[in-house]
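With these hints in hand, go ahead and build the complete structure from the sequences.
In order, the protein sequence lines correspond to chains A and B.
Take 189 as the starting number for the first sequence in this note's numbering and just add one per residue.
Take 6 as the starting number for the second sequence in this note's numbering and just add one per residue.
What the hints contain is simulated information worked out from the structure, not anything from laboratory work.
Accuracy of the hints is not assured; some may be wrong.
[Said to hold, decoys possible] Taking lysine to aspartate or glutamate pairs in the DMTMM-like style, the calculated list, with each CA pair at most 25 Å apart, reads:
(1) Lys122(B) <-> Glu31(B)
(2) Lys276(A) <-> Asp213(A)
(3) Lys101(B) <-> Asp15(B)
(4) Lys122(B) <-> Asp192(A)
(5) Lys209(A) <-> Asp241(A)
(6) Lys276(A) <-> Asp241(A)
(7) Lys209(A) <-> Glu317(A)
(8) Lys101(B) <-> Asp89(B)
(9) Lys209(A) <-> Asp75(B)
(10) Lys122(B) <-> Asp224(A)
(11) Lys276(A) <-> Asp192(A)
(12) Lys209(A) <-> Asp117(B)
(13) Lys101(B) <-> Glu31(B)
(14) Lys209(A) <-> Glu219(A)
(15) Lys101(B) <-> Asp75(B)
(16) Lys209(A) <-> Asp41(B)
(17) Lys101(B) <-> Glu57(B)
(18) Lys209(A) <-> Glu118(B)
(19) Lys101(B) <-> Asp74(B)
(20) Lys209(A) <-> Glu128(B)
(21) Lys276(A) <-> Asp245(A)
(22) Lys209(A) <-> Asp126(B)
(23) Lys122(B) <-> Glu219(A)
(24) Lys209(A) <-> Asp74(B)
(25) Lys276(A) <-> Glu317(A)
(26) Lys276(A) <-> Glu219(A)
(27) Lys276(A) <-> Glu299(A)
(28) Lys276(A) <-> Glu216(A)
(29) Lys122(B) <-> Asp75(B)
(30) Lys209(A) <-> Asp192(A)
[To be verified] If you want the footprint, here are the derived chain B segments under chain A, 3+ residues with CB under 8 Å:
(31) 61-73
(32) 131-137
Using N, Cα and C, we set each Cβ at its ideal position, and we do this for glycine too.
Chain by chain, the residues:
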Amino acid sequence: MTADTRIEAGRLGRLCVVRLKPNQDLTEGVEAACRDLGLARAVIRAGIGSLNDAHFDSGGRQVSVTGPGLEILTLSGEIAPDAAGRPKVVLTGAVCDAQGAVMGGRFRRGENIICITLELMLQEWLPGET
Amino acid sequence: MEGLLAALSDHGLSQAGVVFLHGAFEAVTFMTGRPDNSGQRAATHAGPWTLEGPLTLLGGGAIVGLGADDRPVVHCHALFAGPDGAVRGGHMLAGKCPLDEPGLVALACCPDEAGFKIALDRETNFPIFHPLGHLSGKALR
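Here it is in structure tokens:
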């Protein structure tokens, strides 16, 4: 264990079912859902769907994949408040193109537009509760 | 995917968000997405493609919800590596992805007061999952 390791105790709370629609941004859409559902902290429990194009930060570079119809294969991340107390999400994952080739990274805010749908389950994280 | 539905059904569950932890396939048949030149949809399916295994499951997940007939159905995306180590992924087709030993291990979270149900979406012209309520206070893990 290194000196900058932090362990946060808590428990998982309510499970939330969300669908994002075409033309919503992935990151901003998840944040809007959290605001609507009253979730200050949450984790991604499952998420699959598709994007028009994908734009990642990956290995210190910006990487783009051209669609549309890129399948979201994996989606991981958490939601936590920013300095102003607004839900802010960090999402990473992998997509595949029409040939099934896989690319991934950290999804860039405002640049990953839902193509057909995103089916998502979020679960509330309640720090300090056991 | 039938195995996933059966495992959930054995516990009386018909709604789930699933993350795959590890597993293996004898073969996979999958589809991907591509532009739809017909103008009917924003995108459409490409494939299907079949890869013979053994294949190692690398990740992915599924949403389990109700079909239009109220029977459980699964929407599954995954990525996998073949004998040459090449990684591919896509939309897994039900009934066409037989598991290899030692099977597949998944983590499912199951809302009992919310979920998804298939309905035709007029905006995208696809039958897709729509939420049945958004919050479940009694998540089963």
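Hint check:
1. Taking the CA atoms of Lys122(B) and Glu31(B), the gap is about 30 Å. The hint is violated against a cut of 25 Å.
2. Taking the CA atoms of Lys276(A) and Asp213(A), the gap is near 13 Å; set against the 25 Å cutoff, the hint holds.
3. Restraint check for Lys101(B) and Asp15(B): satisfied, since their Cα atoms lie roughly 22 Å apart, inside the 25 Å limit.
4. At roughly 44 Å between alpha-carbon atoms, Lys122(B) and Asp192(A) are farther apart than 25 Å, so this suggested pair is violated.
5. Distance hint between Lys209(A) and Asp241(A) is fulfilled; the C-alpha atoms sit about 15 Å from each other, no more than 25 Å.
6. For the proposed pair Lys276(A) and Asp241(A), the alpha carbon gap of about 22 Å is at most 25 Å, so the pair holds.
7. Straight-line distance between C-alpha atoms of Lys209(A) and Glu317(A) comes to about 33 Å, which puts the hinted pair past the 25 Å bound.
8. The straight-line distance between the Cα atoms of Lys101(B) and Asp89(B) is roughly 21 Å, inside the 25 Å bound, and the hint therefore holds.
9. Restraint check for Lys209(A) and Asp75(B): the C-alpha separation of about 23 Å stays at or below 25 Å, so the hint holds.
10. Restraint check for Lys122(B) and Asp224(A): the C-alpha separation of about 21 Å stays at or below 25 Å, so the hint holds.
11. Taking the CA atoms of Lys276(A) and Asp192(A), the gap is near 22 Å; set against the 25 Å cutoff, the hint holds.
12. For the hint pairing Lys209(A) with Asp117(B), the CA-to-CA distance comes to about 24 Å; that is within 25 Å, so the pair holds.
13. Restraint check for Lys101(B) and Glu31(B): the C-alpha separation of about 10 Å stays at or below 25 Å, so the hint holds.
14. Proximity of Lys209(A) to Glu219(A) is assessed by CA-CA distance (about 14 Å); at most 25 Å being required, the pair is judged to hold.
15. Pair hint Lys101(B) plus Asp75(B) holds up; C-alpha atoms about 22 Å apart against a cutoff of 25 Å.
16. Restraint check: the Cα-Cα separation between Lys209(A) and Asp41(B) comes to about 18 Å, which is no more than 25 Å; the hinted pair holds.
17. Proximity of Lys101(B) to Glu57(B) is assessed by CA-CA distance (about 11 Å); at most 25 Å being required, the pair is judged to hold.
18. Straight-line distance between C-alpha atoms of Lys209(A) and Glu118(B) comes to about 22 Å, which keeps the hinted pair within the 25 Å bound.
19. As the CA atoms of Lys101(B) and Asp74(B) are separated by approximately 22 Å, the hinted pair is consistent with the 25 Å bound.
20. Proximity of Lys209(A) to Glu128(B) is assessed by CA-CA distance (about 9 Å); at most 25 Å being required, the pair is judged to hold.
21. Note on Lys276(A) and Asp245(A): the hinted pairing holds, with a Cα-Cα distance of about 17 Å set against a maximum of 25 Å.
22. The straight-line distance between the Cα atoms of Lys209(A) and Asp126(B) is roughly 10 Å, inside the 25 Å bound, and the hint therefore holds.
23. Restraint check for Lys122(B) and Glu219(A): satisfied, since their Cα atoms lie roughly 23 Å apart, inside the 25 Å limit.
24. In summary, the hint linking Lys209(A) to Asp74(B) is supported, as the alpha carbons are separated by about 23 Å, within the 25 Å threshold.
25. A threshold of 25 Å between alpha carbons decides the hint, and for Lys276(A) with Glu317(A) the separation of about 21 Å falls inside it, so the pair holds.
26. A C-alpha spacing of about 6 Å is found between Lys276(A) and Glu219(A), which places the hinted pair at or below 25 Å, so the restraint holds.
27. A C-alpha spacing of about 15 Å is found between Lys276(A) and Glu299(A), which places the hinted pair at or below 25 Å, so the restraint holds.
28. Between Lys276(A) and Glu216(A), the direct Cα distance comes to roughly 8 Å. Compliance with the 25 Å bound is thereby established for this hinted pair.
29. Between Lys122(B) and Asp75(B) the CA atoms are separated by roughly 8 Å; this keeps the pair inside 25 Å, and the hint holds.
30. Restraint check: the Cα-Cα separation between Lys209(A) and Asp192(A) comes to about 39 Å, which exceeds 25 Å; the hinted pair is violated.
31. A stretch counts as covered by a chain when three or more of its residues have a beta carbon under 8 Å from one of that chain; for the region 61-73 of chain B and chain A the count is 5, and the coverage holds.
32. Closer than 8 Å: that is the beta-carbon criterion, and the region 131-137 of chain B has 6 residues meeting it against chain A, so the requirement of 3 holds.
Violated hints, in rising order: 1, 4, 7 and 30; the structure is consistent with all others.
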